[in-house]
Amino acid sequence: MSENMINVPTMAELAAKGVTPEILFWVGCAGSFDERAKSITAAFVKILNKLSVNFAVLGTEESCTGEPAKRAGNEFLFQVQAVSNIEVMNAYGIKKIVTACPHCFNTIKNEYPELGGNYEVLHHSEFLQQLINEGKIKLQGGGEFKGKKITYHDSCYLGRSNNIYEAPRKVLEILDAELVEMKRSRTKGLCCGAGGAQMFKEPEPGFKDINIERTEEAIGTGAKVIAAACPFCMTMLSDGVKNKEKESEIKVYDIAELIAKYEGL
Amino acid sequence: MEFLPQVIFLLLLSASGFFITKSILRIRRNILLGRDLNRYDKPGERLKMMVLVALGQKKMFKRPLPAILHLFVYVGFIIINIEVLEIIIDGLFGTHRIFAPIFRGLYPSLINIFEFLAISVLVSCAIFLVRRNIIKVKRFDGEEMKRWPKLDANIILSIEIFLMICFLSMNTSDGILQTRGSEHYIATGDFFFTSFLKPLFNGLDNSELIFIERFGWWAHIIGILAFAMYVFTDSKHLHIFIAFPNTYFSKLDPAGRLSNMPEVTKEVKLMLNLPVETGNDNAAPGRFGAKDVQDLTWKNLMEAYSCTECGRCTSQCPANLTGKKLSPRKIMMDTRDRLEEVGRNIEANGKDHQDGKSLLGDYITVEEIMACTTCNACVEACPVNIDPVSIIVQLRRFKIMEESQAPASWNGMFSNIENNFAPWKFSPSDRLNWVQKLNQ
Numbered sequence: 000m001s002e003n004m005i006n007v008p009t010m011a012e013l014a015a016k017g018v019t020p021e022i023l024f025w026v027g028c029a030g031s032f033d034e035r036a037k038s039i040t041a042a043f044v045k046i047l048n049k050l051s052v053n054f055a056v057l058g059t060e061e062s063c064t065g066e067p068a069k070r071a072g073n074e075f076l077f078q079v080q081a082v083s084n085i086e087v088m089n090a091y092g093i094k095k096i097v098t099a100c101p102h103c104f105n106t107i108k109n110e111y112p113e114l115g116g117n118y119e120v121l122h123h124s125e126f127l128q129q130l131i132n133e134g135k136i137k138l139q140g141g142g143e144f145k146g147k148k149i150t151y152h153d154s155c156y157l158g159r160s161n162n163i164y165e166a167p168r169k170v171l172e173i174l175d176a177e178l179v180e181m182k183r184s185r186t187k188g189l190c191c192g193a194g195g196a197q198m199f200k201e202p203e204p205g206f207k208d209i210n211i212e213r214t215e216e217a218i219g220t221g222a223k224v225i226a227a228a229c230p231f232c233m234t235m236l237s238d239g240v241k242n243k244e245k246e247s248e249i250k251v252y253d254i255a256e257l258i259a260k261y262e263g264l
Numbered sequence: 000m001e002f003l004p005q006v007i008f009l010l011l012l013s014a015s016g017f018f019i020t021k022s023i024l025r026i027r028r029n030i031l032l033g034r035d036l037n038r039y040d041k042p043g044e045r046l047k048m049m050v051l052v053a054l055g056q057k058k059m060f061k062r063p064l065p066a067i068l069h070l071f072v073y074v075g076f077i078i079i080n081i082e083v084l085e086i087i088i089d090g091l092f093g094t095h096r097i098f099a100p101i102f103r104g105l106y107p108s109l110i111n112i113f114e115f116l117a118i119s120v121l122v123s124c125a126i127f128l129v130r131r132n133i134i135k136v137k138r139f140d141g142e143e144m145k146r147w148p149k150l151d152a153n154i155i156l157s158i159e160i161f162l163m164i165c166f167l168s169m170n171t172s173d174g175i176l177q178t179r180g181s182e183h184y185i186a187t188g189d190f191f192f193t194s195f196l197k198p199l200f201n202g203l204d205n206s207e208l209i210f211i212e213r214f215g216w217w218a219h220i221i222g223i224l225a226f227a228m229y230v231f232t233d234s235k236h237l238h239i240f241i242a243f244p245n246t247y248f249s250k251l252d253p254a255g256r257l258s259n260m261p262e263v264t265k266e267v268k269l270m271l272n273l274p275v276e277t278g279n280d281n282a283a284p285g286r287f288g289a290k291d292v293q294d295l296t297w298k299n300l301m302e303a304y305s306c307t308e309c310g311r312c313t314s315q316c317p318a319n320l321t322g323k324k325l326s327p328r329k330i331m332m333d334t335r336d337r338l339e340e341v342g343r344n345i346e347a348n349g350k351d352h353q354d355g356k357s358l359l360g361d362y363i364t365v366e367e368i369m370a371c372t373t374c375n376a377c378v379e380a381c382p383v384n385i386d387p388v389s390i391i392v393q394l395r396r397f398k399i400m401e402e403s404q405a406p407a408s409w410n411g412m413f414s415n416i417e418n419n420f421a422p423w424k425f426s427p428s429d430r431l432n433w434v435q436k437l438n439q
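Chains as they are written, first to last, in numbering that gives the first Met the number 0: chain P, 0 to 264; chain V, 0 to 439.
Okay, chain P solo, but in the shape it has when bound (with noise of 0.2 Å):
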């Protein structure tokens, strides 16, 4: 192992030497087995490593947190999943969860709580903007993204389920690029039609496909990066843009991955 490797620890670990980390990083099953989504992990912990946070993951122990069931109908899948977690999460005497998936945040966020579930749970864009306020993550100048356009897609699971329209939108300020809005944007932005458990089936039938109408909407705003914070989003708005034969011209990255870009990680 080299020295520049990054150590993510694990609760276990931590907890075999009677260490409490301050932040349980919540990876989620996205960020834990999706290609893509792995990426926006490991952007997101470099950023976590970088600034010295404490924190660790739960790995193996981490199980879905049951929202895709609870929103498909199946509720007592649910809270199987959500009871076994607060199992493991309230013996481990977690206070405080990061995420960089809004329907996990959610989920533990206001579902998990009457369960037994009691956690300060932050979005990692909420996170960052905190880094940001406190002057852990700054302004440089130039970076990349200087001066670019980049358009970003509101998740609804931030959005209008959490209120949470200008935590994403401080974060990507600091690129110092130049962010233009959809038409449909903060209460009014369009879905990427993967919610309430669509991601896990083919879309019943219709005129379009969700995705490609949202992405249309926002390659129109002539944006070369369309910014993401949500994994599922990430593949719609992915899906979307190789749908329509720009991958080469415009990138679809959550607001972890450019920070990290732009921090040069």
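Source of the hints: derived by calculation from the structure; they are not laboratory data. If you're wondering where the values come from, they're calculated on a predicted model, not measured in any experiment. Using N, Cα and C, we set each Cβ at its ideal position, and we do this for glycine too. Fair warning: there could be bad hints in the mix.
DSSO-like cross-link-like pairs, simulated, lysine-lysine; straight-line CA separation at most 30 Å [claimed, not checked]:
1. Lys-169(P) with Lys-436(V)
2. Lys-182(P) with Lys-135(V)
3. Lys-95(P) with Lys-235(V)
4. Lys-45(P) with Lys-250(P)
5. Lys-268(V) with Lys-187(P)
6. Lys-94(P) with Lys-61(V)
7. Lys-324(V) with Lys-200(P)
8. Lys-436(V) with Lys-45(P)
9. Lys-187(P) with Lys-135(V)
10. Lys-187(P) with Lys-21(V)
11. Lys-207(P) with Lys-57(V)
12. Lys-356(V) with Lys-200(P)
13. Lys-137(V) with Lys-182(P)
14. Lys-424(V) with Lys-268(V)
15. Lys-182(P) with Lys-57(V)
16. Lys-250(V) with Lys-95(P)
Label pairs and their in silico Cβ distance ranges [as the list claims (entries may be wrong)]:
17. Pro-8(P) with Asp-40(V): 36 to 44 Å
18. Lys-47(V) with Pro-112(P): 20 to 28 Å
19. Phe-115(V) with Thr-186(P): 29 to 37 Å
Given chain P's structure and the hints, the job is docking chain V onto it.
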């Protein structure tokens, strides 16, 4: 014979009062068919919500033009009711413009305000008719907007225009009769707006004017009483009243929070060998999720009665925008139609009557509820805080938990979560493999 008009007036007033009371009780009974839900906490926050959203029309102003026109009709409706109070007193006691001697010099100003509002209401309603029938604004169209809903909207707007014409022609002829010193028509001072209409009626003699004035008076008040009864029958116009309790009992949690089913929690904890809170064990386990209106909460049912069919929800729905069958407005309208049907069944055949029909299946199809992305665009768009997603998820719960009928790929997702603890088929032991990405 002298008191005949007063007797007729009293009879009309009592009959409409009786009918409206009966209707309110019927609607209340129907809403209470729904399952229990605690929305009685945080009265201060709820009151604030009601004041902002219902009274203050906060969410209407996302679309300024219809908001302003709607505001005219809404303020007109409330303020002109002061005039109706005068009409009712005059009607019962055989007086004429009883407020005139009370308000004296202020009376014409008061009437001027009413007249201004009456003209605003008239113009706004005319523009609304044009938007619906000539410009054909897209959100007023749709599968669920054929026949009755379309007619209902046009009836409401036409009645409002008719009422305002009655009111204005009553004042115009009254104004002329006043200047001619006609008996009974006490001089109150000029009414500003209808004085411009006087040339239209100037050629008429006193008896004709009295006929128009009396016709306007009676038609206006009978029209209002009839309209009030109409509102409580099967009309979307009920929103003018029920929007207030509906916003008061709004969901105050973040929109993204779906309720957890407590009956499931107990089962899950028993299964996982966790301590279970005892008590309330006597309640028979009901159906999981919702198949029919009685399985929904009373708030869902109140929302169905609050819907004005404006279509803001459907016009923002990503599924609907891309041609899927789902229309959140239709979900609400179907819920109301089915609830009314269940209510009629109860009246005709008693409380336990089963007609073999249900909300899911006979009204709402599986294809519709399967198209929802739970994005909350409809909830955000609704001017009176209706939550169609809540109904959709409860219908899904029935389909999945009671009938085990999920799309095959959802069943795959469920079994992956059960067996691999992720919605995709990956080995749980590989969950930390992303770490390799870090050091690439």
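Here is what the structure says about each hint:
{"no.": "1", "hint": "Lys-169(P) with Lys-436(V)", "verdict": "holds (27 Å)"}
{"no.": "2", "hint": "Lys-182(P) with Lys-135(V)", "verdict": "holds (23 Å)"}
{"no.": "3", "hint": "Lys-95(P) with Lys-235(V)", "verdict": "violated (47 Å)"}
{"no.": "4", "hint": "Lys-45(P) with Lys-250(P)", "verdict": "holds (21 Å)"}
{"no.": "5", "hint": "Lys-268(V) with Lys-187(P)", "verdict": "violated (39 Å)"}
{"no.": "6", "hint": "Lys-94(P) with Lys-61(V)", "verdict": "violated (39 Å)"}
{"no.": "7", "hint": "Lys-324(V) with Lys-200(P)", "verdict": "holds (16 Å)"}
{"no.": "8", "hint": "Lys-436(V) with Lys-45(P)", "verdict": "holds (11 Å)"}
{"no.": "9", "hint": "Lys-187(P) with Lys-135(V)", "verdict": "holds (23 Å)"}
{"no.": "10", "hint": "Lys-187(P) with Lys-21(V)", "verdict": "violated (41 Å)"}
{"no.": "11", "hint": "Lys-207(P) with Lys-57(V)", "verdict": "violated (33 Å)"}
{"no.": "12", "hint": "Lys-356(V) with Lys-200(P)", "verdict": "holds (29 Å)"}
{"no.": "13", "hint": "Lys-137(V) with Lys-182(P)", "verdict": "holds (19 Å)"}
{"no.": "14", "hint": "Lys-424(V) with Lys-268(V)", "verdict": "holds (26 Å)"}
{"no.": "15", "hint": "Lys-182(P) with Lys-57(V)", "verdict": "holds (21 Å)"}
{"no.": "16", "hint": "Lys-250(V) with Lys-95(P)", "verdict": "holds (26 Å)"}
{"no.": "17", "hint": "Pro-8(P) with Asp-40(V): 36 to 44 Å", "verdict": "holds (41 Å)"}
{"no.": "18", "hint": "Lys-47(V) with Pro-112(P): 20 to 28 Å", "verdict": "holds (23 Å)"}
{"no.": "19", "hint": "Phe-115(V) with Thr-186(P): 29 to 37 Å", "verdict": "holds (34 Å)"}
Checked against the numbered hints above, the structure violates hints 3, 5, 6, 10, 11; every other hint is satisfied.
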